[in-house]
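There are 2 protein chains.
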Amino acid sequence: MKQETADKWKLYVDFLRKIKSYEEAVALMHWDLRTGAPRKGAAARSETIGLLSTEAFKLQTSGQMNDFLKYFNTPEVMSELDETSQRMVLNSQEDYDNSVKIPPEKYREYAELTAHAETLWEDFKENNDFNGFEPYLTKIVAMNQEFIDYWGPKETRYDTLLNLYEPELTTEKLDQVFGQLRDRLVALVDAIAASPNKPANPLLNKTYPANEQEKFGKFLLNEIGYDFEAGRVDESVHPFEITLNQGDVRITTQYLLNDVASAVFSSLHEGGHALYEQNISPELAGTPLSQGTSMGIHESQSRFWENFIGRSRSFWEKYYGALQQHFPEQLKGVTAEDFYRAINTVENSLIRIEADELTYNLHVIIRYEIEKMIFNEGLKVSELPKVWNEKYEAYLGITPPNDSVGVLQDVHWSGGSFGYFPSYALGNMYAAQFAHTIRKEIPEFDNLLKEGNFTPIREWLSDKIYKYGKSLKPAEIIERVTGEELNPNYLADYLEQKYKEIYGL
Amino acid sequence: MKQETADKWKLYVDFLRKIKSYEEAVALMHWDLRTGAPRKGAAARSETIGLLSTEAFKLQTSGQMNDFLKYFNTPEVMSELDETSQRMVLNSQEDYDNSVKIPPEKYREYAELTAHAETLWEDFKENNDFNGFEPYLTKIVAMNQEFIDYWGPKETRYDTLLNLYEPELTTEKLDQVFGQLRDRLVALVDAIAASPNKPANPLLNKTYPANEQEKFGKFLLNEIGYDFEAGRVDESVHPFEITLNQGDVRITTQYLLNDVASAVFSSLHEGGHALYEQNISPELAGTPLSQGTSMGIHESQSRFWENFIGRSRSFWEKYYGALQQHFPEQLKGVTAEDFYRAINTVENSLIRIEADELTYNLHVIIRYEIEKMIFNEGLKVSELPKVWNEKYEAYLGITPPNDSVGVLQDVHWSGGSFGYFPSYALGNMYAAQFAHTIRKEIPEFDNLLKEGNFTPIREWLSDKIYKYGKSLKPAEIIERVTGEELNPNYLADYLEQKYKEIYGL
Chain Y
378 MKQETADKWK LYVDFLRKIK SYEEAVALMH WDLRTGAPRK GAAARSETIG
428 LLSTEAFKLQ TSGQMNDFLK YFNTPEVMSE LDETSQRMVL NSQEDYDNSV
478 KIPPEKYREY AELTAHAETL WEDFKENNDF NGFEPYLTKI VAMNQEFIDY
528 WGPKETRYDT LLNLYEPELT TEKLDQVFGQ LRDRLVALVD AIAASPNKPA
578 NPLLNKTYPA NEQEKFGKFL LNEIGYDFEA GRVDESVHPF EITLNQGDVR
628 ITTQYLLNDV ASAVFSSLHE GGHALYEQNI SPELAGTPLS QGTSMGIHES
678 QSRFWENFIG RSRSFWEKYY GALQQHFPEQ LKGVTAEDFY RAINTVENSL
728 IRIEADELTY NLHVIIRYEI EKMIFNEGLK VSELPKVWNE KYEAYLGITP
778 PNDSVGVLQD VHWSGGSFGY FPSYALGNMY AAQFAHTIRK EIPEFDNLLK
828 EGNFTPIREW LSDKIYKYGK SLKPAEIIER VTGEELNPNY LADYLEQKYK
878 EIYGL
Chain A
378 MKQETADKWK LYVDFLRKIK SYEEAVALMH WDLRTGAPRK GAAARSETIG
428 LLSTEAFKLQ TSGQMNDFLK YFNTPEVMSE LDETSQRMVL NSQEDYDNSV
478 KIPPEKYREY AELTAHAETL WEDFKENNDF NGFEPYLTKI VAMNQEFIDY
528 WGPKETRYDT LLNLYEPELT TEKLDQVFGQ LRDRLVALVD AIAASPNKPA
578 NPLLNKTYPA NEQEKFGKFL LNEIGYDFEA GRVDESVHPF EITLNQGDVR
628 ITTQYLLNDV ASAVFSSLHE GGHALYEQNI SPELAGTPLS QGTSMGIHES
678 QSRFWENFIG RSRSFWEKYY GALQQHFPEQ LKGVTAEDFY RAINTVENSL
728 IRIEADELTY NLHVIIRYEI EKMIFNEGLK VSELPKVWNE KYEAYLGITP
778 PNDSVGVLQD VHWSGGSFGY FPSYALGNMY AAQFAHTIRK EIPEFDNLLK
828 EGNFTPIREW LSDKIYKYGK SLKPAEIIER VTGEELNPNY LADYLEQKYK
878 EIYGL
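For the protein sequence lines, the chains are Y and A, in the order given.
Take the first sequence: its position 212, counting from 1, is numbered 589 in my numbering, and each next residue is one higher.
Take the second sequence: its position 13, counting from 1, is numbered 390 in my numbering, and each next residue is one higher.
Everything labelled a hint here was simulated from the structure, so no lab data went into it.
Remember, predicted model here, so these are calculated numbers, not experimental data.
Since the list can't tell identical chains apart, any single copy or any two copies may satisfy a pair.
Below are the EDC-like pairs computed for lysine to aspartate or glutamate, each with C-alpha atoms no more than 16 angstroms apart in a straight line:
(1) Lys-550 x Glu-532
(2) Lys-417 x Asp-604
(3) Lys-395 x Glu-424
(4) Lys-395 x Glu-432
(5) Lys-502 x Asp-780
(6) Lys-395 x Glu-486
So here's chain Y without its partners, still in its complex pose:
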């Protein structure tokens, strides 16, 4: 590397580190707001978050950043860099291009609009008032349409939004995989609905003290290898994982007194996200590559630990005894097999975040299809409730009695996150594909779960996925690890096998 390049590289890395500092501060402020910050400080806090986020945005779109990119992102200079450094430059260039195309006053207007709409959404949902929400959502959609024009439409207009969360994925590909998946899952769901063999749920109508739930949840996190010296576990209304820096990867959960499963699975879910972040190569620390590569791959890891491990029979063969020790009265007479069947009950329900492992995917596909209609076919916001309800009837055989438990149920659209929902089902498909591969490469996989020996599994995932952070694209990871591109049949196969056995189909 030439001396000039070496000198500039050092300045560039320092510059990126500075942006990371703002991001760490803003992340901590968000974490704090959701884990017990006092009410009266919230207004000033929002202002502080706004000010510091704007500073980060200014750096991201600054002439200084442009100068770095102009220097590094040329064939001659790129040839001096190692592969990871090249990836870092390309990643910076993408972020820069995305940010710089939006006029700052639009960015501010949009940030204010969505912050406001997110706050109002809670009331609109509570009051079942889609008409009240409509003008806000219409404006948010219109601004996203504007942004698509600023960024430049891809194969379809919706592809541009999709790629904010899942780089390089196309609507064409998603139509194909979601289409295949939907057909197989709808058939499975119908068969289950017709089955007379419904597992009982002996976990209901009991009280599970929060402190015992907390102990057990932390015990499981420790078992799967969550590093408590590089994170902490708190309570919040909506569980989340948040990374402050590579040595500080936090998760939250919620302890519902009448539901022993909720905190267990949200701990494993957020724990999966955290294992990804905690095991990124230390060499990437402090750079923009020190994060999961996409929302879909991130979600594959939360789902892998939550479902492919946490909802398996082998896992509970090992841990059900421990759970019973925490709740001896509540689980008296409930066998491990009863428990396994209870946590794998399939039910066609209205609310995505409460859905089981199988029908969850249909909730997501419905949202994907509607988002595409909005951005590619000009579906009007006023028509959303009608389209929503028709799709719930078609795929799940149920019609929401009101918009509160229908089109108004999710926060995402009020925050402007169009293109995000597919990540959830992508995560399940990626996870199934990874699970298929790991079972081939580690044939004793199930025995490891029965022994509670997660080290070989975590090391495999770290070596194949986690360590790369954002230095590989999602499609590269899935192809390198599994030898083929995204294939929805692994998820469909897994779900058919699992649920046919449980429901005796």
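We have chain Y; now place chain A onto it with these hints.
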């Protein structure tokens, strides 16, 4: 006000608000480091604190700030401003003058060094490892010496540090008041040591569960008027109060299982700091005047609530019953009078933060004398343990068995807070002087304590002290409120009267 002045004023206030945003982020990061942030994230966190502190520092010392000050800080423009606005300009000017003299890279290096050293200090203290701590402390002292040169030494080099915390106070004045105080207190301590009338301590050798301590501590905080919607209470090794914004004033305490009094008095102490910050005039919110005027006045409020209220007989006449309800077994047969005497036991002990109200001042005077030796006489860091132990023997008649309970006991030096310690004894002197005045102006003071009616007291303090924030100097406050300058005899009189009664002298 001229239009030009009005326009510039708005920009100036926004600019100051931006600096506050950085300060809020940095304060939250410090709070977080001390209340459970994971160990492995601390190094990156220190770097982030360093970076964001530096940004605040750059704004503070920017050409833009200088332009504002050049415009506002002239006789003509000042005459257009109201008194509070004038104070704000003068305060900005002082901060600017102090900051502009330190090169930004020095400032950043220092912020990172102290953030890092503070984190390491806990381990060094735990492991009784002064040798490990020495290089950090040596570097911190050396950087403070450099800063003194940048700022310009005052009457002595140490005066420069002292004035960071107590504006306008001199070492000469402190030598005089500490001298007077020490002479009277040493005589009193000697008399107590010679007294055969030693109160028993029936609180010892018992276990007080942390959750009950927490409940009682929070109950007392609520009683004195701490606003839980504008703050939160957590645990940390070293209790502290920290203000994130005017609606978010946090305190911490520590629950020692074998000591029921520690958390009670640290809650009242930090609660006193918090009452000051929570009751600053809302008009000052978001400005640099929205904070206590000096460390000494701040400490006067923590001491006022901890000692002049919390260690009084009247207070426990009201609250001892409630304490007994939390610890019925432990306090069986212990009367309110037994308790009062137990919490006012005078004992020559090693640990400042556990010291009684009387000997506490001697702990502070020892630190003051050592700091003066370091900065005015070139005492080496390596010699600190020796000097420390000699002074403890000389003033208190005891020698620390190890550095953990000796020179390593306080966090302050690891954070670079040289010149801070005198504030603690100043606080006691100010508090005694305020207490003398409030008893004249509110003759029913003791009855209010007996009734648990703190509203008139809090309102008096708010009206005379709290609401002004930093818009009055410490000397102005003490003179306006009490009609005279700092006078150590009020503290000496109060202590003599109190302890002669308790020890029957």
